[in-house]
Structures are given as C-alpha cells and as structure tokens.
Amino acid sequence: EDQVTQSPEALRLQEGESSSLNCSYTVSGLRGLFWYRQDPGKGPEFLFTLYSAGEEKEKERLKATLTKKESFLHITAPKPEDSATYLCAVRGGGSNYKLTFGKGTLLTVNP
Amino acid sequence: GAVVSQHPSRVICKSGTSVKIECRSLDFQATTMFWYRQFPKQSLMLMATSNEGSKATYEQGVEKDKFLINHASLTLSTLTVTSAHPEDSSFYICSAREGGRSTDTQYFGPGTRLTVL
Numbered sequence: 001e002d003q004v005t006q007s008p009e010a011l012r013l014q015e016g017e018s019s020s021l022n023c024s025y026t027v028s029g030l031r032g033l034f035w036y037r038q039d040p041g042k043g044p045e046f047l048f049t050l051y052s053a054g055e056e057k058e059k060e061r062l063k064a065t066l067t068k069k070e071s072f073l074h075i076t077a078p079k080p081e082d083s084a085t086y087l088c089a090v091r092g093g094g095s096n097y098k099l100t101f102g103k104g105t106l107l108t109v110n111p
Numbered sequence: 112g113a114v115v116s117q118h119p120s121r122v123i124c125k126s127g128t129s130v131k132i133e134c135r136s137l138d139f140q141a142t143t144m145f146w147y148r149q150f151p152k153q154s155l156m157l158m159a160t161s162n163e164g165s166k167a168t169y170e171q172g173v174e175k176d177k178f179l180i181n182h183a184s185l186t187l188s189t190l191t192v193t194s195a196h197p198e199d200s201s202f203y204i205c206s207a208r209e210g211g212r213s214t215d216t217q218y219f220g221p222g223t224r225l226t227v228l
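Residue numbers (our numbering), protein chains in the order written: chain A, 1 to 111; chain B, 112 to 228.
One should not assume that every hint holds.
The following label-pair restraints were derived from C-beta to C-beta distances [to be verified]:
#, chain 1, residue 1, chain 2, residue 2, range
1, B, Leu228, A, Tyr51, 40 to 48 Å
2, A, Asn110, B, Gly127, 40 to 48 Å
3, B, Phe150, A, Ser24, 16 to 24 Å
4, A, Ser24, B, Gln153, 14 to 22 Å
5, A, Asn22, B, Glu170, 43 to 51 Å
By construction, these hints were calculated from the structure, which means they are not laboratory data.
The C-beta atom is built at its ideal place from N, Cα and C for all residues, glycine as well.
The whole structure should be built from the sequences, with the hints applied where relevant.
As structure tokens, this is what we get:
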C-alpha cells in the first residue's frame, strides 16, 4: 500500500524566512509525485509534478526536489500570500491514476 | 488552462433527500475523473474513479448505492448522494485528468460543501 508522510504538520515563518517542507513516501513503482497548494474552503491547486529522482522544478518562490524516498518543497523568502496547506501525493504502479495524499503541512507566513 | 468547475459550491439539505453535484472540465477533455471527500483538517480521501462511458470504480468502504457516479461525457461527471444523512456532511472535491497526454496530473475543482440537517 502506498504511503505518504508530510512534516512538519504546521510551520510558522516570518516573511522572508526561507524553509523546506518534507514529503516522505513508500510506493510500489513511483509513477509521479505531486505537490498541491490548498487554501481554506477551496480545492487543491496544482503546483508541480516530479517523475524521477534528481528532478527539480521551480515556480516563483517555490522549488520542488525529489529523491528515491522523499521530496522537499523549498520556499524562498516567503510572503504572507504563500500561507496555505501544502499537499503531497504519489501515484504508484497501480492502474487508473489513483493518487495517495499526505495529510499536508499548514504553512503560515507572518508579515 | 486545465480548469475544473463544480456546482453547486455549497448545498444544505434535509436528511433523506438526494443531492447531485456536477464536475466539469472547462478547457480540456477528461478521460478520467475522480471524486474525493475531505473532512476538516484532514487530507483528501479518494471515493471513486470514473472513466468516460464506463462504470465507476469505488474505493473500499465507499457505498456504491449511496454515492452514484455518472461520467456521461468527456467534460462532465456527476456525484449523487442518495438519501443523505448528517454523517454524509463533508467537503466533496472532484478532479480530472486530461486524456491523451503523458502527464498524470489531476486538476481539481473548487469543491462542494454539503451540509445535511
């Protein structure tokens, strides 16, 4: 069974204070690792897809990296508008594109 | 691109009634659509996967007769909660995967908040 563990559960940063969120996973035949951002009362917003160890992707202040066991979402010089829950999900080798989600990291960036 | 809509965004109903939620992919054709349920401060739990023109595949523990899913076209899937009860109150979110592409990315709708009184 695929499993995803995210840490920390919650993270408070000051504006401009860079940090990283962790996503550890166990999966049978990784087909993709996904990062989403979710604001309260809304659906998840797609950020990145990573497919193989060593892959990196960037978008504005966010950078996602992938190893064989975990992924990191690095946030550089965050702003208050980056406050949200960040979700990590994996797709394993099973059929029908099913994703397994972690519980998320609630990020709060104080001005 | 890759926009998914849901309707309604919020619904309140009485116990015993049925509620239908629509999920549409607005700018792409969705070969596969997914329905999730999310409880407060918890992550997304997959309820079922539907492919256009086929019967939905339900996750273990999800009642097929209670949560009816229809994926009648490449841009529309519906979830009907039949004979809703207060324990069915939750945040329901759909997602869609674009067919014919190598990417596995699912794009999510904004969600529907269901409250059963």
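Consistency of the hints with the structure:
1. Leu228(B) / Tyr51(A): 40 to 48 Å: holds (45 Å)
2. Asn110(A) / Gly127(B): 40 to 48 Å: holds (46 Å)
3. Phe150(B) / Ser24(A): 16 to 24 Å: Since the Cβ atoms of Phe150(B) and Ser24(A) sit about 23 Å apart, the hinted range of 16 to 24 Å holds.
4. Ser24(A) / Gln153(B): 14 to 22 Å: The hint (14 to 22 Å, Cβ to Cβ) holds, given that Ser24(A) and Gln153(B) are roughly 19 Å apart.
5. Asn22(A) / Glu170(B): 43 to 51 Å: Violated - the Cβ-Cβ distance for Asn22(A) and Glu170(B), about 27 Å, lies outside 43 to 51 Å.
When each numbered hint is compared with the structure, a violation occurs for hint 5 only.
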